[in-house]
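Visitor: Generate the whole structure from the sequences, applying the supplied hints.
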Amino acid sequence: MDSALIPNGVKRCSMGKFLLWNSIIGLVLLWGVFALLLCWIKGLNQTNMNNAYGFALWIWADLAVIALGGGAFFTGFLRYIVGKEELKNIINYAVLIGFICYSAAQLILGIDIGQPLRGWFIFWHANIHSMLTEVAFCLSCYFIVLCIEYIPLILENRQTDKVPFFHNLTHNMHEVMAIFAATGAFLSFFHQGSLGGVSGVLFGRPFGFREHIFGTIWPYTFFLFTWSAAACGPCFTILVTKITEKIAGKKLVKDNVIDLLAKISGWMILTYIIAKTADTLYWAFVTAPSTGFILAKFYTENPGSVYGYWILFLEIVICGFVPALFLIVKKWRRTPVLLWTAIILAVIGVSLNRWVLVLQVLAVPVMPFTDWNIYFPSWQEIATTILPVAYGILLIMISYRYLPIFPQEAELNPIEPEPEPEQEAKPEGKAEEIKTKAGEPELKPAEA
Amino acid sequence: MEQVKDKKFGMVIDLDKCTGCGSCMVACMSENNVPFREDETDKLLSVAWMRVYKMTNRKPYPDTEVCYFPRPCMHCEGQHSGHSPCVSVCPAVATDYSTATGIVSQIYTRCFGCRYCMAACPYHARVFNWFDPVWPHGMEKSLSPDVSVRMRGVVEKCSFCYHRYQKAMEKAYVDGRKELEENEYQTSCTQACPAGAITFGDLNNTHHEVYKIAQPDHKHHGKSKNPKVFRLLERLGTNPKVYYLSSRKWVRQLGDNYRPDEIMK
Amino acid sequence: MLPFISFEWVWDMGHLVFHGGLWYALNIIGLAMTYCVLKTIYDTYKGKGAQHH
Amino acid sequence: MSFLSFAVGGAAGTALTPMPLKLMDDSSIWTQMWPWIPVPQDGEVSYENSVCTLCPGHCGITVKKVENRVVKIEGMKGHPVNDGGICLLGLAGVQLLYGSRRVKTPLKKVNGKFVKISWDEAVTEVASTIETMREKGDAHKIGCLSGTNRGTVPELLKRLLWVCGSLNFFHMPSVQDSYEITLRMMQGGSAMAGFDLENSDHVISFGSGILDGWGSPVRMFRAHSLWREKGARFIQVESRLSNTAAKADKWVPVNPGTEGALALGIAAVIIDESLYKTDFVDNYSSGFDSWKRQVTNNYTPEIVSKITGVDKSLILLTARDFGRAKNPLALCGRGEGSIPGSIKDFKAVHALNALVGNINQQGGVWAIPEPDYINWPEPTLDEAASAGVSKGRIDGAGKGKYRLAQSLFNRLPEIVNSKASSPPDVLFVSGANPLYTIPDTVAMNEALNNVKIISFSSYMDETADKADLILPNHVFLERYEDVPASAGLNQPITGLSKPVVSPQFNTRHVGDVIIQVAKKLGGHIGDAFPWSDYKTCLEETLGDKWEALNQTGFVTEADFNPTNDMSGFKTDSGRFEFLENGSVAEVLFSSVKPEGDEASYPLTLVPFDSMRLTGGYIGNPPYLMKTVEDTVLKGNDVLVEVNPKTASKYKLADGEKAFLMTPKGKACVKIYHYEGIKPGLIGLARGLGHNVNDRFLAGKGVNVNQLMGSKEDTGSGLDAAWGIRAKLVKA
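Line by line, the protein sequences give chains R, F, E and P. The opening residue of the first sequence carries number 1 in my numbering; numbering runs sequentially from there. The opening residue of the second sequence carries number 449 in my numbering; numbering runs sequentially from there. The opening residue of the third sequence carries number 714 in my numbering; numbering runs sequentially from there. The opening residue of the fourth sequence carries number 767 in my numbering; numbering runs sequentially from there.
Read the hints as simulated data drawn from the structure, not as lab findings. Don't be surprised by glycine CBs; every beta carbon is placed ideally from N, CA and C. Warning: the hint list may mix true and false statements.
Covered stretches of chain F (chain R as the covering partner; in silico rule of three or more C-beta atoms under 8 angstroms from a C-beta of chain R) [unchecked claim]:
{"#": "1", "stretch": "492-501"}
{"#": "2", "stretch": "537-543"}
{"#": "3", "stretch": "555-564"}
{"#": "4", "stretch": "570-579"}
{"#": "5", "stretch": "600-608"}
{"#": "6", "stretch": "675-685"}
Guide: Below, the structure written as structure tokens:
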């Protein structure tokens, strides 16, 4: 039915299966849209946020997806600036994932603010000293870059590519892609960093506050965030690629590409986590104590012992050093189980880091006579957070079906003569099922 | 022409006198058109600019002691002029620090509700309008035209009754004066407090009562020279303009965080 | 956001650096895109692209 | 395809025009002036002075108006009671004026439902009700319950009843009654108790919530602050760490109900160590020797320590400090003083004051003369009236064992049950809400089942809801009213409450209604009310005070100074009586035992008062509800204070739901672990659990009076219950 739109030399499932899965995901999307409308029409009383928890699930989701979407800028940086040619085989997907993550972040921000219709005040009445302003500007600009990077991909669809103008545009944009990639890397450096600064500048919140470089400009979490996004973003790109491969039931990217990206990630994570450890130690023994806080105050005696030292151990050791080593050692990263483990841990690690720096900051009592604040999101918050996940899956499904995202797919999966359409459809359908059920927990923190 | 000196309006709350009655809270609500809802028992959803906290020495009966702790906005000055925790983070300049008065303002029509300032404020002085404000039919008559009613989705907080300052200045201007008398500008809570526990005035003016009690050391970010006077969470460097006076040591200690090794000495 | 227009604007180092960087990035993106589009129009006019198919 | 091109092209074109920017701008401007967000109307600002009558404190208020709207109530500067200060209830008074709780027009109950009637119909209805009663010869079965017994309005009510043939005028009792009785017994004559708090340097309060609403709250706060400034000592004797106890220099935790014993114990030490004022005792008192003997024999520190649970050393210390102070002052009356309490306690405390010689002394207890400006000619009674009046009072007040009491409305359920005397058939209720405020509301409700209630309430409260007829009065901001005296004030004062705004609804001044009813009834009744309306009545009654009152809002007697005046004792002996009639039994402390047996109810429920909850006839306005702490009310659940020790004994976790049971009733509550309450007690706030047509107040928590019983004081007949046996069972 839609075979004319499907890229040359690759096979796709039947239209029926495709639509069926589209509608299932679409239902989840609609649920999210319903929650979104509730929040817009009735206001933020639909959430479980309160005056102590002004930032909650949504802001965490924003920070997390931006970090995970960091794969786009960093892969682009490696591909176009550093010149790692192999990465051209994964850059398309990295861009798509980045596009989804960044559009998701903007959507969530649009729900999160109390006056969405005044959202543009952040640009118009900008306070340049606010980390959020920096985030808003760089994030929006970088989103434009992502769109620009995504456009050639769309235009490479078999039908649009036939149009000479589009074909030429694609070609010309590829020619100058390095400029966009460089600009993207520049912008990402700042907004990733500014997100790190969001809690780092809060000198009223000893849990989040960090010393500043040169005493005033940026807190050290600025650099840690950029670094961790560059380190863990590619892991998320690999993870989503691997999941897509599992679902599609075929190899889409060659091992050497994954291997290279994984190796770089490994070293990035290692250097990041060493820096993070140093930061944590300095904060725990110098910064926080100077305001009367010892580490135990942050990690003990809270209701249900939710916030314990286990967080530090999980974030730094289990989700930091462990994946770093798994990815650095060649033998380990080439063992599929360990590679999978490492990328999943890295993704959890960076998400946990963002969680801690948003929610624990607000949970810790600062006034000595107040208690810990405990928060659990409302269904509306959860639904609106899942909404972009569903949207992401849909966009990936559609893009994968109609666009030549994986340049190596045809080579890795040569079409045998006279394929049976029924057989083709079946594994695809099953694979879709795995994607929605098994794939969701991993995708959720990422694209939410 | 003589230059008008910068003011630094601040407050001293005498915790020895404060009885925790809550009149300051209602005085503030009534003055500032604060909305109310059917269920106000979730204090984290409640809009209140002034909140009276209750603290105890955590000792068992009969050695228990209780102290009430009224908490308006601290109008922090920060370590350098105007670098209060909230003002520095607001992305849309919806809150600002006035160096002329030392008051941290909040522009409701500018605020787009990101709540970053709430995350920044360690005093929970900022509250968000989670709900549309609703006055039951007829009750809107009690609204004061001096203060605009806030819409849902924006952050609000104590303004030190800034509109009263404006009114007083207008009057002074008509009288041909540039400076206000101490009693011309007082906040609603100060005026109402039945115990007279609140003293309000200009911390830069050595003749003002508030200066005499607080004895701020402007060379050290306003730290009080009065041993009985302290500020809440002073160590964070917020440099608040609300001072507290208590003759009880445990109360003064509960005003800030101390490491175990500091409490020993 | 804009000098002269918005009252938040201050002529200080912070604003110059921040908005300098911002407009710098925006201009690069804009110029590069303009270049692409113009070049594409030129190429298409020259009949490029069609011979692939 | 061409349509698609058109659409895409159109969209792209539109995006390039300024339209999106314009829409963006417009939409944000729209959010800044949402039509459902009220915009307060500006207008000319004016201020008017008046008096707040929401509690017996009677503070001067300055009402801020914008055009004809009240926007703020502030304390009146220079007023002798509050000098600019104001409490939260006074501040929230605006919400009572405009609140949804108001009765907006006269209502009559028809088939269980209220229907609107006109004022003519309402007045006719009242007149015909009275007429019928009189014709039946049941004039004495007309009763009236008023919130207060002072001022022209209560006097008009009393007069109406009287000329119709009934003496059954009741008022809501409080510690002021107890103090009056005490003064009558020990000093003779009728006077109010005034306390020269400001000049005292050592105050000991026996359970009085002097910072929780006792007396005139704002004045108490100001006095307390003054003590802080000049270093006066303040001791609180109480079983719970109330706000008052929290502010005291020393909190003396005592077994509840034994405060009187502690007072006698302190007296014993003072006598023992000869710290008392011999001058006063020798020259101006009588009965001291036998009183002294009783006290020193029966209230040694050891014995008192056993009764009260207070350490002997602390008793000695407290007594010595008190005895050595220059201007010591002892206060009595539990909580905010809504329950009169045991006269023995008051006598013990007052004797303690006499012992240190601070009667009519600087910083002491003063006898404040009753207001005397109401001097209406005695009315002529017709036959029906004389017959009714001859039947006397149904509650027995003023006679026999109740000779000291003026009114005993708390005895009504007992009267109905015992059928000893005939209960009222018709009851006027003005400024009171007995179905909420009187302990054992269930019994009170039953007692009123067959009574026709005619309510003058401005608000739809519990009693108004049960009424057959409501003739809504103006609220205090809409009406004239004389406001005599301020609870506990050390000088006679008369205030004038003025209408600062025109009536918001179709309400009518209760004084006008009385006059109109009387005129309708005509004859002697009409003659007894010669005034055309209430304002005329008030103006004539106040005479030369009227001008001053209208101008300043209050008048005081500038030359009033009773210090060192020992000629005022109007007892038979002309001296201060330590022992009235020389009775030994009066000295002996007898604990008012809480109702219920200890075996089935191992704990004791004690109600407590707080400034943030009004326990009286006016329920909390919305702003006050906002200030109620979440350790008192959470959602619709009330929290009861339980010492963690007691809680762990009954395995009740903090925040857990439980059933609170007393011999009078059962309620679902939440547990709040509070270190400040004595183990074995359950603290429950007064002022919650209203059942009224106001969503900001109704259905929140439990009315403690529903669980409380009434305990008749042997000395006066007034209610003396301070608690009730109770138990907690996990829900």
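Visitor: Determine for every hint whether it applies to the structure shown.
Guide: Going down the list of hints, with the structure as the test:
no. : hint    : result
1   : 492-501 : holds (count 4)
2   : 537-543 : holds (count 6)
3   : 555-564 : holds (count 7)
4   : 570-579 : holds (count 9)
5   : 600-608 : holds (count 4)
6   : 675-685 : holds (count 5)
Comparing the model with each numbered hint stated earlier shows that all of them hold.
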